[in-house]
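Between the sequences and the hints, there should be enough to build the whole structure, so can you do that?
Below are the chains, spelled out letter by letter.
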Amino acid sequence: MQRVELKESVSYSRIIHGMWRLGDWNLTPQETLAFIESCLEKGITTFDHADIYGGYTCEGLFGNALELKPSLRDQMEIVTKTGIKLTGDFNKGQKLNHYDTTKDHIISQVERSLQELKTDYIDTLLIHRPDPLMNPDEVAEAFTSLKESGKVKTFGVSNHLPSQQRLLQSRLPFSLVTNQLELSPMELKHFEDGSVDLCYENNMPLMAWSPLAGGRLFSEDRYADLRSKLAELQEKYETSGIDVIVYAWLLKHPATIMPIVGSGKIDRVQAAVDALDVALTREEWFEVLKAARGRDVD
Amino acid sequence: MQRVELKESVSYSRIIHGMWRLGDWNLTPQETLAFIESCLEKGITTFDHADIYGGYTCEGLFGNALELKPSLRDQMEIVTKTGIKLTGDFNKGQKLNHYDTTKDHIISQVERSLQELKTDYIDTLLIHRPDPLMNPDEVAEAFTSLKESGKVKTFGVSNHLPSQQRLLQSRLPFSLVTNQLELSPMELKHFEDGSVDLCYENNMPLMAWSPLAGGRLFSEDRYADLRSKLAELQEKYETSGIDVIVYAWLLKHPATIMPIVGSGKIDRVQAAVDALDVALTREEWFEVLKAARGRDVD
Amino acid sequence: MQRVELKESVSYSRIIHGMWRLGDWNLTPQETLAFIESCLEKGITTFDHADIYGGYTCEGLFGNALELKPSLRDQMEIVTKTGIKLTGDFNKGQKLNHYDTTKDHIISQVERSLQELKTDYIDTLLIHRPDPLMNPDEVAEAFTSLKESGKVKTFGVSNHLPSQQRLLQSRLPFSLVTNQLELSPMELKHFEDGSVDLCYENNMPLMAWSPLAGGRLFSEDRYADLRSKLAELQEKYETSGIDVIVYAWLLKHPATIMPIVGSGKIDRVQAAVDALDVALTREEWFEVLKAARGRDVD
Chain A
1 MQRVELKESV SYSRIIHGMW RLGDWNLTPQ ETLAFIESCL EKGITTFDHA
51 DIYGGYTCEG LFGNALELKP SLRDQMEIVT KTGIKLTGDF NKGQKLNHYD
101 TTKDHIISQV ERSLQELKTD YIDTLLIHRP DPLMNPDEVA EAFTSLKESG
151 KVKTFGVSNH LPSQQRLLQS RLPFSLVTNQ LELSPMELKH FEDGSVDLCY
201 ENNMPLMAWS PLAGGRLFSE DRYADLRSKL AELQEKYETS GIDVIVYAWL
251 LKHPATIMPI VGSGKIDRVQ AAVDALDVAL TREEWFEVLK AARGRDVD
Chain B
1 MQRVELKESV SYSRIIHGMW RLGDWNLTPQ ETLAFIESCL EKGITTFDHA
51 DIYGGYTCEG LFGNALELKP SLRDQMEIVT KTGIKLTGDF NKGQKLNHYD
101 TTKDHIISQV ERSLQELKTD YIDTLLIHRP DPLMNPDEVA EAFTSLKESG
151 KVKTFGVSNH LPSQQRLLQS RLPFSLVTNQ LELSPMELKH FEDGSVDLCY
201 ENNMPLMAWS PLAGGRLFSE DRYADLRSKL AELQEKYETS GIDVIVYAWL
251 LKHPATIMPI VGSGKIDRVQ AAVDALDVAL TREEWFEVLK AARGRDVD
Chain C
1 MQRVELKESV SYSRIIHGMW RLGDWNLTPQ ETLAFIESCL EKGITTFDHA
51 DIYGGYTCEG LFGNALELKP SLRDQMEIVT KTGIKLTGDF NKGQKLNHYD
101 TTKDHIISQV ERSLQELKTD YIDTLLIHRP DPLMNPDEVA EAFTSLKESG
151 KVKTFGVSNH LPSQQRLLQS RLPFSLVTNQ LELSPMELKH FEDGSVDLCY
201 ENNMPLMAWS PLAGGRLFSE DRYADLRSKL AELQEKYETS GIDVIVYAWL
251 LKHPATIMPI VGSGKIDRVQ AAVDALDVAL TREEWFEVLK AARGRDVD
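Chains as they are written, first to last, in UniProt numbering: chain A, 1 to 298; chain B, 1 to 298; chain C, 1 to 298.
Hint data in this document are derived by calculation from the structure and do not stem from the laboratory.
No false leads were mixed into what you were given.
Chain copies aren't distinguished; within one or between two, either way the pair holds.
List of simulated lysine-lysine pairs, DSSO-like, C-alpha gap at most 27 Å: (1) Lys189 <-> Lys290; (2) Lys252 <-> Lys103; (3) Lys189 <-> Lys95; (4) Lys95 <-> Lys229; (5) Lys252 <-> Lys92; (6) Lys92 <-> Lys229; (7) Lys290 <-> Lys92; (8) Lys103 <-> Lys290; (9) Lys151 <-> Lys103; (10) Lys103 <-> Lys7; (11) Lys236 <-> Lys92; (12) Lys252 <-> Lys95; (13) Lys153 <-> Lys69; (14) Lys236 <-> Lys95; (15) Lys290 <-> Lys95; (16) Lys118 <-> Lys69; (17) Lys103 <-> Lys147; (18) Lys252 <-> Lys42.
Shown next as structure tokens:
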């Protein structure tokens with residue numbers, strides 16, 4: 001599979017697997033291990049996590065599987081995130097969900113992620129959401145400390161607008177490596193608000209979360225025209241589903257967008273891998289855009 | 001009181017008093033002097049003016065008080081603004097309010113401000129509003145001339161968006177020191193449009209005008225939920241009013257926000273000073289944000 | 001006529017003629033030549049084209065006239081654009097209008113423009129619309145190749161937002177010289193979204209397309225108040241129409257805005273030239289702005 005080389009010392013697989021629903025799949029550690037190995041066999045070596053996924057449980061479920069075969073660690077890249085604090089048992093007494101990008105919280109959550117994931121390093125740590133109370137100097141201190149200790153190799157952001165990304169970058173002695181954004185034909189705003197442009201300008205590949213709009217692509221009426229167009233292309237390219245076309249649409253963008261596949265069904269994971277062989281024409285890319293927006297280009 | 005050091009040669013008190021309603025208080029010069037001295041005793045040494053406040057009268061009312069005790073000048077910082085031209089007696093024959101950032105207008109208004117304020121220097125001059133006809137080279141000439149003559153020590157902007165601030169800064173041989181924006185739980189837009197981010201990136205502290213939304217916080221139905229939350233925190237922190245909590249909310253932001261208190265009642269000025277001792281928790285800050293926006297964080 | 005000097009080796013006339021409707025005027029080559037010469041006599045030496053104007057026909061109609069008197073080429077500047085692909089006979093089999101900023105398309109369209117225009121160089125080539133699939137490295141290769149071969153002297157963009165302009169500029173070894181935007185009292189958005197600010201910051205003069213809103217200024221009810229204000233100023237300045245006032249309004253902006261006049265009637269072209277002698281006051285400029293926006297300045 002195609003690799004995406006970062007400016008820093010890490011590379012990702014072009015297709016990333018997202019583990020945010022791992023807790024819903026009710027797998028034993030052995031079954032999870034088998035799933036991970038299926039991904040690796042397909043060349044998907046990059047796994048996306050966050051401390052909060054599954055109510056703070058998904059990292060641990062992944063780690064329990066990894067513990068069964070620790071040698072796999074060197075064959076994969078682990079991305080995780082911190083910066084959101086959820087109410088619930090993990091944060092007893094907390095009354096509302098909020099953000100926390102203090103140095104203490106970042107470092108203690110990374111320590112926990114390492115323990116849960118049963119690993120001694122994270123390939124990339126992302127700030128999960130732009131925190132209106134972020135002190136970028138404090139984040140820089142946390143990042144630098146984690147980098148120097150070898151606990152985290154590279155750093156990025158998620159859901160950050162250009163001004164937020166610039167603010168954090170201004171305080172860091174090294175480059176942010178990625179911005180993980182919601183990007184799909186169903187969510188076009190970051191193609192238009194400068195977020196994709198800034199990453200491309202800085203040679204930062206992007207990660208696309210919810211490339212299928214969390215499954216709403218398949219069910220919502222407002223996407224009927226889009227589904228028709230995708231089905232037409234599915235037929236032309238003889239793919240296993242319209243999801244393959246959506247992934248191919250993201251892959252065609254020259255800024256280097258890495259779709260995050262969140263499915264626990266290995267055939268839907270395969271759909272993203274299949275997309276690497278579907279070279280949409282420029283006209284087809286715009287046909288999808290038109291079907292998604294409901295209007296021609298200007 | 002905490003001081004805010006600028007990159008240039010000036011420092012402000014963390015709480016600023018705003019004189020835009022001085023003309024409404026019907027004070028004698030002696031009473032105005034007493035009010036100013038009360039502020040200074042509290043550590044509030046920075047006073048915010050504009051040429052146009054009170055229909056071009058407030059600077060003069062302040063100056064009449066200062067004239068009674070000129071030694072106070074060295075104990076305070078005076079901020080004033082220019083760039084708006086109002087209809088009325090001061091500009092006879094003018095048919096509509098508009099902006100004017102020509103070199104002549106900036107310089108002649110500063111000369112007038114010095115006369116009215118009975119002082120020979122301004123600590124910081126702000127461009128009051130972004131002028132669509134601004135010629136930044138001409139503003140730079142005016143600023144440079146005023147700086148070299150010692151009439152103005154430092155320069156900033158007010159109500160400027162990032163692109164407007166960048167345009168002016170690009171022509172200046174020194175750094176803008178602040179952007180005075182409407183910032184409060186009732187006016188969140190500049191936290192989201194990059195204005196606060198850019199100032200923070202450039203280490204420019206911000207001034208917050210109308211931190212209480214011009215009093216509408218206390219009266220408008222749409223702020224009922226916000227008032228409830230503020231009242232809850234007022235009770236916890238045993239403060240004299242919900243205004244203290246609003247000031248504390250602004251003070252907690254790491255970008256360094258200086259609330260401008262516009263009240264002529266010394267106990268409401270005290271409320272802002274009291275806020276310096278209220279350390280809201282991060283969770284409480286987000287509770288206020290949620291009450292203000294009517295929704296959780298993402 | 002006033003000249004606009006670019007950072008690169010080209011200068012424009014302050015008023016530009018736009019040839020997008022040349023095909024509608026049903027002129028013989030001799031008549032077109034006469035029209036061009038009338039423009040040149042007025043000092044309008046810069047002519048704005050695009051490959052697609054008139055369904056890919058306008059460049060050829062202009063070239064047929066120029067061929068009658070090739071010596072005129074040295075007395076004029078030709079601006080053209082590429083990047084849009086329209087359906088129709090020119091692109092048989094194409095199903096929808098879309099953008100194309102690939103190296104191949106840019107270069108082959110320039111070759112065609114040179115042939116159609118009967119010239120061996122273009123003064124300025126613009127990317128017509130921001131292409132969401134633009135690969136800026138590929139555009140840079142195309143531009144560099146065209147510059148080195150002498151086929152195109154300078155490069156710019158049209159309808160690009162700041163982030164899009166920055167992305168392309170980041171890959172170019174020379175400066176973009178202009179951004180051609182819709183700018184008029186009827187279309188104010190680019191004065192407020194940072195597009196004009198960024199060009200001004202970078203000392204890039206702007207070209208204004210549709211300065212009369214494609215004629216809708218004269219017909220649409222929503223512009224009634226604006227027309228009244230313009231008529232008042234027309235009377236004061238004794239101009240031939242309200243269009244003169246609109247051009248003067250654009251010319252007063254300090255960022256250097258070059259109105260593109262698209263009329264085939266030489267008296268309406270003269271209107272733009274006349275505007276160079278109308279110096280609106282600052283107050284009048286704001287009166288027009290107020291009439292256009294329906295509100296005072298803040």
